[in-house]
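Since the structure of chain A is provided, determine the placement of chain B with the ligands on it from the hints.
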Amino acid sequence: MALAEPRFAIATPRSREGLAEVIARQGTGFWVVAALLVVMPLIASPFWLVQILAYAMILGMIALSLMFLAGYGGIVSLIQMTVAAFAAYLVAIFGDSAITQISLKWPWWTAVPVAILLATLFGTLGGALSVRTEGIYTIMITLAIGSAFYYLTLQNYTIFNGFSGFNGVMPPVFLGIDWGGTVPFYYLTLGCAALAYGVVVYVSRAPFGLALQGTRDNPRRMAALGFDVVAHRIAAYAFAAVIAAFAGVLLVWYQRQVSPGTGGVGPVVDMLIIAVVGGLSRPIGPFIGALVYVLLRTFALDLLDWVGFEGKRYQLLIGFGFLVIVLFSPDGLIGIWQRLRERYRKSREAQDAQMRTGGGAP
Amino acid sequence: MSAVPNLERLSTASSGNALELRGVSRLFGALAALSDVTLSVRPGERRAVLGSNGAGKTTLFNCVTGDFSPSSGVIRFFGEDVTAFPPHERIRRGLRRTYQISSLFTGLTVIDNVYLACRGVSRNRFSLRRPRRDDTLQHAAESLVDAVHLTAVKDRLVGELAYGQQRQLEIALALSGAPRFILFDEPAAGLSPTERADLVQILTSLPAHIGYIIIEHDMDVALRVVESVTMMHNGRIFKEGRPDEIESDPEVQELYLGGGHG
Ligand SMILES: Nc1ncnc2c1ncn2[C@@H]1O[C@H](COP(=O)(O)OP(=O)(O)OP(=O)(O)O)[C@@H](O)[C@H]1O
Ligand SMILES: [Mg+2]
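Residue numbers (my numbering), protein chains in the order written: chain A, 1 to 362; chain B, 1 to 262.
The following block holds chain A by itself, in its conformation from the complex (with noise of 0.2 Å):
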């Protein structure tokens, strides 16, 4: 006791902006949402709180990922569902599932860690092979990892067990509780979401997120300034890819199955635009901009139907929904409503002037 004293006393972050105070610095907003996510299973049907809350977190986890380098470091990648969908496949492998041929059967606490390391790996590598190129052709370079990815998936048999893939992955029971049942599955994917959000919001003002930011706007003043720009993009590869392999291994256990399509260009560029319609600017957009998609993708067919199209063609309502947003607000989303909030805060400010003036004349 003695000795830990001490220790205690000089661990005890003094003035580090902690935690306490990034909590009250929240507004009103933010609390609302975080209060009526916590109490959702009291609210909201079990179809809610996984196939549309449950899904568009864990999409919103790989778009952040995605948003992390492409708003902090101006690094269009499309390989984070990729380095998703290999995290999926290699819980699959590792973990159980109805392959059991294939299947390795570690118990979840080692096939999960290791599927997250390897996908880690993966997205590392992944930055080092694309980081010296810039704009169109991160983008070209990072769309041929995820193809090459998917065409090996759909093709080796011994492995990834070709164009059927995997199904029969369960989540597991652990604590006595099962994972997969709704209510929990829920507050695990809440969890997994609310620890990546805070932990990008947080980073991006320590000095790595604030150094990438840095290589952003000024890569040539950054290395004149001591940093070595590549690696640091490369730091921030790894670090997306940490959050979109812990998305990988949430998305396997909500559809209970993995096969090429997971990784196919598809959701490679869904998760493009669901960043983008969120927005690339705040790590709250891609959330955003996946709870917009999942309701589409799920509504669009009633909606179309009921306006009098043909309702498979949801792909097309999400395109156009895309198009309209790029087009009015280049800040998607988000951007929308930080206008919105602006012009409501000004014409507020006019009117009390206004009043004050009023009430001031004789």
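None of these hints come from the bench; they were simulated from the model. By construction, the Cβ of each residue, glycine as well, lies at the ideal position given by its N, Cα and C atoms. Check before you lean on any hint, since a few could be wrong.
[To be verified] Residues from chain B that keep clear of chain A, each with C-beta distances beyond 10 Å, as calculated:
| id | residue |
| --- | --- |
| 1 | T65 |
| 2 | V74 |
| 3 | G79 |
| 4 | T106 |
| 5 | T136 |
| 6 | S143 |
| 7 | I210 |
[To be verified] Covered stretches of chain A (in silico footprint by chain B; criterion: 3 or more residues with CB under 8 Å from a CB of chain B, positions within the stretch not fixed):
| id | segment |
| --- | --- |
| 8 | 197-207 |
| 9 | 220-228 |
[Unchecked claim] Residues on chain A that point at chain B, a partial pick, calculated with CB under 7 Å:
| id | residue |
| --- | --- |
| 10 | G214 |
| 11 | D217 |
| 12 | A235 |
Coordinates of chain B with the ligands only, in the frame set by chain A:
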């Protein structure tokens, strides 16, 4: 293989120059922005590089910092051959520079700009933890901001600053960490008379072991803060000497003081 460069390194280290250029040339297509420049500067020495527009002064700086690599020639920094080093390796060895056209992070605040500069030459560049408010680097950044008189605007975005303030910030970035040698590229350009006086004060009060090269068109500023002068023209050095020698040199007056700068 490895013994030869080591011997070479030892022999040049004993010559004890802060900066040494041997036959450095830089071509842009057919244009020789620098041709066969040989130059040495002692540790702690303060020198001006003067020359008309397009003389190759900025190109000289770019070659020294590694922003551009020279087409030929050797560059040594405190005896070490840095010709093939990337810029950040040179900076980590104590070299600093400012840019003729301010090169700042306009989307970040003043204090964050300087904090980045302090981070860049420290360890833990990849730190995922936010700094404490009593972090030593944070302190260093605050005092640098103070040294260039920007404390009042330290939390403003750099893009919103006045031109003169951006120039001051440019200097603060070059003073971060423990510089051994600094390259100032026209730091006084566009500054008001008071800001110029501040600049001269900052330069003259730098610790004696820190040497620098300053490119400056304003002779009043340049000749007051240096002990030696190098004159450049068309990518070549054509005269070196003490400030008073240069000032009274007829050839210099003909080529430079008389020509087009007024
Ligand atoms: N990146 C570049 N590409 C092509 N030409 C260049 C480049 N940078 C410099 N030059 C050319 O090299 C020559 C020397 O330019 P430099 O910028 O070094 O001159 P300077 O002495 O700094 O001039 P100033 O006083 O105008 O700043 C000029 O003719 C310039 O046009
Ligand atoms: Mg110049």
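Consistency of the hints with the structure:
no.	hint	result
1	T65	6 Å, violated
2	V74	21 Å, holds
3	G79	20 Å, holds
4	T106	7 Å, violated
5	T136	13 Å, holds
6	S143	17 Å, holds
7	I210	16 Å, holds
8	197-207	holds (count 5)
9	220-228	holds (count 9)
10	G214	5 Å, holds
11	D217	5 Å, holds
12	A235	6 Å, holds
The structure fails to meet hints 1 and 4 from the earlier list, while all remaining hints are met.
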